[in-house]
Amino acid sequence: MKAVAALLDGIVLGLQYGLLGVGLTLIFGLAGVVNLAHGQIAVLGAIIVALLMGAGWAVIPAAVVGVVAAGVFLLFIDLTLMRAVYREHGEHRILLGLLLMLGISFVIDGFLNWRYPIESLTIRIGGDPVPILGVNMRTGSLLATAITIGAGAALLVFFQYTTLGRGVRSVIQDEQGARLVGINPSSVRSFVFFLSGALAGLVAVTGSMTAPQASSFGIRLTTLALIVAVVGGLGSVAGAFLAGILLGIIDRFASAYIGQFYTTVILLLCAAGMIVIRPSGLLGKRA
Amino acid sequence: MNVVDEYLGDTHGNVGSGRAVGLIRAYLPIVIAAVLIALIPLRYQDSRSMMSVITVGVLFACYAVAFNIIFGSTGQLFLCSGALAGIGGYGAAILADRSGWPIPLALVTATVIAALVAGTLSWIAVRRALDTIFIGIVTIAFALSFENLVLGKGDWTGGESGLRVSTGSDSWLTGQIAPYYVFLGLLVVYLVVFRALQRSRIGWAFRALRDDGLAAELSGVDVSRYRILAGTLGGAMLGLAGGLYVFSESRASPSTFSFGNVDVSVLVMLAFGGIGSLLGPVVGAAAITWLDEFLDAVGYAQIKEMIYGAVMVVLFLGFRRGIVPMVTDLFKRKPK
Chain G
6 MKAVAALLDG IVLGLQYGLL GVGLTLIFGL AGVVNLAHGQ IAVLGAIIVA LLMGAGWAVI
66 PAAVVGVVAA GVFLLFIDLT LMRAVYREHG EHRILLGLLL MLGISFVIDG FLNWRYPIES
126 LTIRIGGDPV PILGVNMRTG SLLATAITIG AGAALLVFFQ YTTLGRGVRS VIQDEQGARL
186 VGINPSSVRS FVFFLSGALA GLVAVTGSMT APQASSFGIR LTTLALIVAV VGGLGSVAGA
246 FLAGILLGII DRFASAYIGQ FYTTVILLLC AAGMIVIRPS GLLGKRA
Chain A
305 MNVVDEYLGD THGNVGSGRA VGLIRAYLPI VIAAVLIALI PLRYQDSRSM MSVITVGVLF
365 ACYAVAFNII FGSTGQLFLC SGALAGIGGY GAAILADRSG WPIPLALVTA TVIAALVAGT
425 LSWIAVRRAL DTIFIGIVTI AFALSFENLV LGKGDWTGGE SGLRVSTGSD SWLTGQIAPY
485 YVFLGLLVVY LVVFRALQRS RIGWAFRALR DDGLAAELSG VDVSRYRILA GTLGGAMLGL
545 AGGLYVFSES RASPSTFSFG NVDVSVLVML AFGGIGSLLG PVVGAAAITW LDEFLDAVGY
605 AQIKEMIYGA VMVVLFLGFR RGIVPMVTDL FKRKPK
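Each protein sequence line maps, in turn, to chains G and A.
6 is the number of the first residue of the first sequence in my numbering; add one for each residue after it.
305 is the number of the first residue of the second sequence in my numbering; add one for each residue after it.
The hints are simulated quantities; they were obtained by calculation from the structure and are not laboratory data.
Predicted model only: the values in this text are computed from it and were never measured.
Across the chosen pairs, the derived CB separations fall in these ranges:
#	chain 1	residue 1	chain 2	residue 2	range
1	A	V493	G	L274	33 to 39 Å
2	A	S351	G	V64	52 to 58 Å
3	G	I123	A	I611	20 to 26 Å
Where a beta carbon is used, it is the ideal one built from N, C-alpha and C, also for glycine.
Starting from the given sequences, assemble the full structure and let the hints guide the process.
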């Protein structure tokens, strides 16, 4: 019983992890930037939603504005600070991108900590728990899962069947080649920054249906996104989802059987171990 | 132009005629810096809080020199300076307080452990030929794991509230002014080690490594050996500084060694002062310590984190070589 509950919870959590990792992995694949502010941007979105709801907005419009705002924020970063990064090449580009995003994460964290230290987002979903395989699942988790699966499916369709989605994949595979067939890598990149920010915001919104998203959660979410993206293979969208689900299950089993404190350590070790054993991750292409 | 700037030393290479002149040129900056730093307490010796601030400033300069050996000299992005210092700090505290070891022995042992851990990380990175980014991620994972373990293993570490250590009769580490000079002594030793490394055959290897690892390897430099050496040495320096700090404070607490506190500050200091330069870490530590105090004094303590983030962005965007190399260049430009 405990195991089934851990498994189901793990899948629910893992889908969220996956969506979190996808945002980070996309930007790395496309721009070579490790977005160490990913979690902070998610929290920024969540706090905007919370403030709008506090001002009397209905949940859905508030959530939409928060998600879009997170996307626009990252788009803004792409159009301004990241220009300097794109002028660099190889290792220097990666290093500069990483350090700049680390700086930005401190700016956001510092801002939230200063203005909204105790703000948090909770979206209450009413209704009785639904029994699945004998485990009572809260409606909040189920709705969050449904939205996450919907978003994942939409991403899949987008990357598989739309011109823009294929364009994104082509730039990830070979920027030069993409340019040759008439794709502008720069606008694809801007689009993906927006998409990544919006996905981060979406994770915070769906996350708040099961647990409050506090303004201090940024670093934790960033760490999780990084772990998921690394285990899945930096740059691999399918890998991020697969890794997310696996890590979600590991997370729930570890905290049910070993203890909460070790859970984070175990997840971190998964990432470190993956880099050491197979740097390309579960589904990433070999360098 | 890059973050890990190509330029390594400020005075290497132009050693003047004769060994003595070369020696003086090489080590004079350290002497001058040490004298200047030694004079600072004249102004602040009456204030316990200011003494503690500038002592921490010198401690961070030590951290930054150690990080400079690992990152500045061999390009290994170790984002676990805080954790390595914490291994020294908590290790020494646990050995001395829980197991009743004499303080010097506990310090040495903890330093060796920190060195071994850092050396192992370096060894893994070299063996698996990890890119900068992957070294960064592995070491961040290690740093965060360490933080979680410190908080989780409360029976060993005292968890959130930290671990108190009694220094007993070894009070030379606890007074108001003495610890400052202990860390200053440590800083001078670290700087001398850094300079001596630069001037030795190892320094040539480091430079070759930094410029082009592959070319260095092809011309017979044992790349992996020097990377692991730098990692181990830097780890030992971080561990020793962390251990000493725990005894001077009579306590080990998790926030003292956290990623957000140590690694970020060290990165900003090094970026400001100049990565890979001898006095860059010292200048950077002085500047950031001053800024920190200034922000407290004008009542901006609450938005410190924001300001540091912004400073970091500005530094890495527009000011990548750092102050010390820029100033040295100014002096070097000979009139024609």
